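Peer 1: Spelled out from the first residue to the last, the chains are:
2 protein chains.
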Amino acid sequence: MSTETRDTVFIGKKPLMAYVTSALIQLANLPSVNIKARGMSIGRAVDVAQIVARKTENAGYAVGEIKIGSEALESQDGKTRNVSTIEIEIKRN
Amino acid sequence: MSTETRDTVFIGKKPLMAYVTSALIQLANLPSVNIKARGMSIGRAVDVAQIVARKTENAGYAVGEIKIGSEALESQDGKTRNVSTIEIEIKRN
Numbered sequence: 001m002s003t004e005t006r007d008t009v010f011i012g013k014k015p016l017m018a019y020v021t022s023a024l025i026q027l028a029n030l031p032s033v034n035i036k037a038r039g040m041s042i043g044r045a046v047d048v049a050q051i052v053a054r055k056t057e058n059a060g061y062a063v064g065e066i067k068i069g070s071e072a073l074e075s076q077d078g079k080t081r082n083v084s085t086i087e088i089e090i091k092r093n
Numbered sequence: 001m002s003t004e005t006r007d008t009v010f011i012g013k014k015p016l017m018a019y020v021t022s023a024l025i026q027l028a029n030l031p032s033v034n035i036k037a038r039g040m041s042i043g044r045a046v047d048v049a050q051i052v053a054r055k056t057e058n059a060g061y062a063v064g065e066i067k068i069g070s071e072a073l074e075s076q077d078g079k080t081r082n083v084s085t086i087e088i089e090i091k092r093n
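Here the protein sequences come in this chain order: R and C. First residue of the first sequence: 1, per our numbering; consecutive thereafter. First residue of the second sequence: 1, per our numbering; consecutive thereafter.
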């Protein structure tokens, strides 16, 4: 999967603006971008989406569909834990 | 605003299941409930929504509309900071 064609930004531990920049680059090339995160990074995904939406609103972009879900992950003690996920779309209105 | 009529659960620092219980009580009396949080609590709001939706899916409830936003807050050093917000609806399909 090349950087040029993927339409998803996964939120991790980098500084917030790194993900904002990735999302803006993708919106320069594609009609929409999905910002995804899970667990502790979910709040940061909302931050990134809000910043990107604010920076691109004059160009007609806005927050689109928002989905939440959960994934079963095996933790280090061998137990299965559910972790919440979020997916926020930014798209041209 | 009495406990009986409000349809919103604000997520704070209590144990997760306290908010799950509040939401379930409200769904026993009202057709929908809104789970709200801001900043660091946003991930926990998604956790609560997922647990409530899973516990009530057999009764026909599911995650409804999800909204994100931001609020300007004045921090202790007098600067204005933006904090992200989320609002997740759980409703009968």
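Derived from the structure by calculation, the hints contain no laboratory data. Check before you lean on any hint, since a few could be wrong.
Copies of the same chain look alike in the list, so a pair counts if it works inside one copy or between any two.
Said to hold, decoys possible - Here are the simulated DSS-like pairs of lysine-lysine, each with C-alpha atoms no more than 30 Å apart in a straight line:
#	residue 1	residue 2
1	67	36
2	55	79
3	91	13
4	36	91
It should be emphasised that the depicted structure is a prediction, and the values quoted were computed from it without experimental measurement.
Peer 1: For each hint, tell me whether it holds in the structure or not.
Peer 2: Against the structure, the hints:
| no. | hint | verdict |
| --- | --- | --- |
| 1 | 67 - 36 | both (9 Å within a copy, 15 Å between copies) |
| 2 | 55 - 79 | between (42 Å within a copy, 21 Å between copies) |
| 3 | 91 - 13 | within (24 Å within a copy, 34 Å between copies) |
| 4 | 36 - 91 | both (14 Å within a copy, 24 Å between copies) |
Of the numbered hints stated above, none is contradicted by the structure.
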